[in-house]
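Chains as they are written, first to last, in my numbering: chain Z, 26 to 369; chain V, 26 to 369; chain F, 26 to 369; chain H, 26 to 369.
Careful: at least some of the hints might be erroneous.
Copies of the same chain look alike in the list, so a pair counts if it fits in one copy or across any two.
With a straight-line Cα cutoff of 25 Å, these simulated PhoX-like cross-link-like pairs (lysine-lysine) come out [said to hold, decoys possible]:
hint : residue 1 : residue 2
1    : 82        : 215
2    : 82        : 304
3    : 215       : 304
4    : 152       : 304
5    : 120       : 251
Read the hints as simulated data drawn from the structure, not as lab findings.
Protein chains: 4
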Amino acid sequence: MKVRVGIAGASGFSGGELLRILLSHHDVEVSALYSHSEPGASIADVHPQFLGQCDLKFSPVPREESGWSNLDLLFLCLPHGVSSSLVPTIPPRVKVIDLAGDFRLKDPRDYLAYYGDSPPDRDLQAKFIYGLVEWERRRLVEASYVASPGCFATATILGLAPLVASNLIEERVIVDAKTGSTGSGIKPTKATLHASRVHSLVAYKAFNHQHVPEIKQALSSMGRGKELDLIFQTHSTPLVRGIYATIYTRLRADIPYSDIESLFQSSYRDSPFVRFRGKTLPDVSWCRGTNFVDLGLALSGRNLIIFSALDNLVKGAAGQAVQAMNVMFGFNESQGLCYGGGMP
Amino acid sequence: MKVRVGIAGASGFSGGELLRILLSHHDVEVSALYSHSEPGASIADVHPQFLGQCDLKFSPVPREESGWSNLDLLFLCLPHGVSSSLVPTIPPRVKVIDLAGDFRLKDPRDYLAYYGDSPPDRDLQAKFIYGLVEWERRRLVEASYVASPGCFATATILGLAPLVASNLIEERVIVDAKTGSTGSGIKPTKATLHASRVHSLVAYKAFNHQHVPEIKQALSSMGRGKELDLIFQTHSTPLVRGIYATIYTRLRADIPYSDIESLFQSSYRDSPFVRFRGKTLPDVSWCRGTNFVDLGLALSGRNLIIFSALDNLVKGAAGQAVQAMNVMFGFNESQGLCYGGGMP
Amino acid sequence: MKVRVGIAGASGFSGGELLRILLSHHDVEVSALYSHSEPGASIADVHPQFLGQCDLKFSPVPREESGWSNLDLLFLCLPHGVSSSLVPTIPPRVKVIDLAGDFRLKDPRDYLAYYGDSPPDRDLQAKFIYGLVEWERRRLVEASYVASPGCFATATILGLAPLVASNLIEERVIVDAKTGSTGSGIKPTKATLHASRVHSLVAYKAFNHQHVPEIKQALSSMGRGKELDLIFQTHSTPLVRGIYATIYTRLRADIPYSDIESLFQSSYRDSPFVRFRGKTLPDVSWCRGTNFVDLGLALSGRNLIIFSALDNLVKGAAGQAVQAMNVMFGFNESQGLCYGGGMP
Amino acid sequence: MKVRVGIAGASGFSGGELLRILLSHHDVEVSALYSHSEPGASIADVHPQFLGQCDLKFSPVPREESGWSNLDLLFLCLPHGVSSSLVPTIPPRVKVIDLAGDFRLKDPRDYLAYYGDSPPDRDLQAKFIYGLVEWERRRLVEASYVASPGCFATATILGLAPLVASNLIEERVIVDAKTGSTGSGIKPTKATLHASRVHSLVAYKAFNHQHVPEIKQALSSMGRGKELDLIFQTHSTPLVRGIYATIYTRLRADIPYSDIESLFQSSYRDSPFVRFRGKTLPDVSWCRGTNFVDLGLALSGRNLIIFSALDNLVKGAAGQAVQAMNVMFGFNESQGLCYGGGMP
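Generate coordinates for the entire structure from the input sequences, incorporating the hints supplied.
Right, dumping it as structure tokens:
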């Protein structure tokens, strides 16, 4: 019997990508699409690419428990801050995977500082497992509530985790991260206009990106509480899809390159979506449209640069959420995610 | 003494391009920038590329005659329909060049049919000269009011005019026209989002584009009243700038290619911005950032295709308006417009 | 038991796309990849996006029958002119689908005129069935040799076929066709440089594109021998993937729009990959990455414009070839092709 | 009387951009264009955008002194390594501005290590002044030989120089630099194909980019011999034009932001092409097509990030070379360079 899933916020970029993936997933039936902005619209009005593949109409977001009752699982692809008001209305038998930032942070002060808003209820937050499958597989098996990681956070944490877990690098880490235009969402603004963006490369949110506490929290837990001194700077580029994180670290001691390579290989041996490429520096286009994250390394003396690339809508959002769903429901971790990217 | 010019609607794409051109024009002083949407803003807030080149602030659009009194010339870069309400408030000593469609059409029924709005006052419209310098040079010398041509219309008319004026082609003409994202203006919409537009090519406004009556009116006057049976279809492409018109015609008789080539050469001998390239099919990138329109031809039997390419923000808008200004004020026609395009 | 397939010319764009599709096809095993330019290379050297999904190495193209013996089916993704020298070396038990133009044209004079080269052996050509599944399904069931259609030809024929088969339009048809940069192939040239192409829109091959005889041949057979007077003009645009054909026709008589709509609907009722959208003008981005062709219409008087959009690497090449394979081997026609496109 | 200039290597991107700038420069006459790859070609064959603006033909590169004799100044836009073999054939009365890396490095070991080739003659190198006008104005007034800076080096040095000259930052500096596709030159490769590049973001040349010694040499001289511990990592992005350098530094002491702002303002008070934007993070599109470099800052504790943006073909190559020429010949420093960029 198929898992009946709903998507709230299905009219946006990650909602559409999630729908694309789930429509080909053999163990899932997409039962409902909810949208605040497009209630009543047909799928072909909002996502014309799905004509002939999906006949659902968008429903308004239910305001009561009964509205969700025919679902086994609900994905939330809503703007930050909306999920936390919605989750209390969802009956306990419906599992939840939230793609927004609402339930990722344990410390309410971090939420307030970086999202500028009052944090969600603490007991509710405590029920959420961080959905980074590569490092939380065991806890996700039993999870009912999942806070799916942010796109920049995924790229950064997967690149640093083996080194942090083995305590090989100094605290000071600089991450220079680049993203594309889908990262700004579907709502049109002057900055995401085609005419503006084709020629634009610009840094934004210096020293206060909301993924900073998410990255520090995850790595601190892997590093047994040791805190990173993290400088994290994001940039908009003319890519459509993609995250590219260039991570500058220093080793605590002289370590041969081959040892670092072995560490990465063993860390991700059982992770089908992490492709470690050694000294081949990854190109974000190799991951486009796929759930892969590609990692590469460059070492000179004790200076170690890690390069991490992924598709923000797949591994950074919808694909990763399906990967977590697969673990939660006992499916093969890569079920529905085993396709290669189109090039070019 | 320099001509004192103002720009109303200077916060948009053509307003910005006009400012760029006028700042380097030796006989002009930009005295005022007006904006409905950005009154009080500095130039660097709205067009950060001009920091260090222009210190003007945006003024609100004046509501009374006295507000315009220190100008010799006002350019209107406003949405269609706004110019016609503004022009009556402008004192007669201020000349006007309107870049919108308001005053282009002589027949008020055309305006109503294609702009869906009540046409401007008929006497006022009658004062406007159509600003296609290549074919209206003599009348523009004495003009006080100019209706600057539309971008698609410019490409199409310049490509067809020599043939129509010599009565060489059959009435039925098909124009397949392509444009880029700046053609949709600076106001962000879902269709002009970078993420949507990079991969998009789509036809729009079948059989009812507002440049149809403009093209027919201009060519009818050149063809001594003979009406074209014009099919005109526009397309959005991932270009940022550019118009490319592919014009399908049939010759009335067998004419050697060399005669047609001679006709184009002689028609544009004194037009510095028309570059006739013969059998070399023009690339829109050769015109980018310039006031040139490039024309090419292909002939097979009596089937003649004309290819016409230009930059919609320059020859299709701001550059052409400056060219008309040069003629109105007795400057060299190419004053301030003599730069080549950057490639790539 | 799975069909064992090989791909010759797997290092190019359509070869790569074919590999992507076949790796997810449940009834197929990709047994061998052949390349003239990259013999010995691993898949990750040439198509790094497939790391972790395919371990094959590229083999040199065999020169003798025995080299192909373990295959059931061979796809040829080679430059025009190469297939015809290769096919005679392939043993009869290996079926062949050729994606090049070598075996599409029945009349050797057409081949000579448009490909500028001596045509393939006439008896060999006669064995090939034209792989346009929507119109050749029955013959393809028994085919051993398939000449897969060209990308422009597919878009044009599918848009015109219902009208031609019902004899509803006048002979004179004008097709204004647009393509993207993958249409020029993987071999780098100055014209396909990123820096050149981003800003470029240019017509090419006036009156002599090699798809002209292919389109006329197919439509003549559907129209019981009546020949079109076809003007066909291609353009390069800054798309990466896509064909957009704007097809200008005239009806022979006054026909209500609803009748034409019905005709298209009934013509493609059993064709899962043709999406008829009526008056909604299709956007090529809705087909990107999929095997769909989207059709739309606009009618004014007797002037009928048909809009046809597809992905040149999928429906215009690799996907269509797999669709033909499915029919040849008795699989479901859409097996392995049922995924939606990623947007954006 | 105008300065007679020649351009060797005028068929490439920076050669074309240089021609564009010089054709509008009132004190210069472009006398000759030389090309190894296109001798005999007309300008319209190689740079079709200049049709109607320049009638020169490309000459072969002269092999003897007499070939250069009618010039006052020669610009060299040749691949690295070619200039050094050419300069000895140029008569002393012809001044030289070299845009390649040949004569930038004082230490021949650096040249060997980073360019992988034997360095130019030491005495010849010693005659060259580094053409970074903002910091070498006085020496350039009397220069006959100029080594024009690299594009990445220009962005990095201008961003760091005020801090290094005042000894305010720690030695360890990390520069994460991004460029566009024109940075790879006009020679087509698989990596610069439009189809590859649109979706690509990739790091390259880890720890061994040839601009590293150039940056260290320049900053060491400004910092009175103190050496930076520089990590410098370059990335390719889908931009066409542009350099964006994100420069991570640490202050030696607690310094208020306003002091740093004052330092930048005073350092560049007399430099018309450096636009210091304070806390506004620059967008590379604001500099596109112009000779400006835009600088911005972000400070948190002692962590200071400097953001530096420019157009690689103008301030990073051709424009900067003309700026140096202006100083060498006693013209106004911004002569011929005073235009704003087109947006978008």
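Evaluated hints:
1. For the identical chains of this complex, residue 82 and residue 215 are inter-copy neighbours only, at 20 Å across copies versus 30 Å inside a copy, given an alpha-carbon limit of 25 Å.
2. Taking the shortest Cα distances, residue 82 and residue 304 sit within 25 Å of each other only across copies (21 Å), while inside one copy they are farther apart (48 Å).
3. Taking the shortest alpha-carbon separations for residue 215 and residue 304, only the inter-copy value of 20 Å comes in at or below 25 Å, while the best intra-copy value is 39 Å.
4. When the C-alpha separation of residue 152 and residue 304 is checked against a cutoff of 25 Å, the pair qualifies neither within a copy, at 40 Å, nor between copies, at 40 Å.
5. In this homomeric assembly, residue 120 and residue 251 never come within 25 Å of each other (Cα to Cα): the closest approach is 33 Å inside a single copy and 60 Å across copies.
In this structure, the hints that do not hold are numbers 4 and 5, in rising order.
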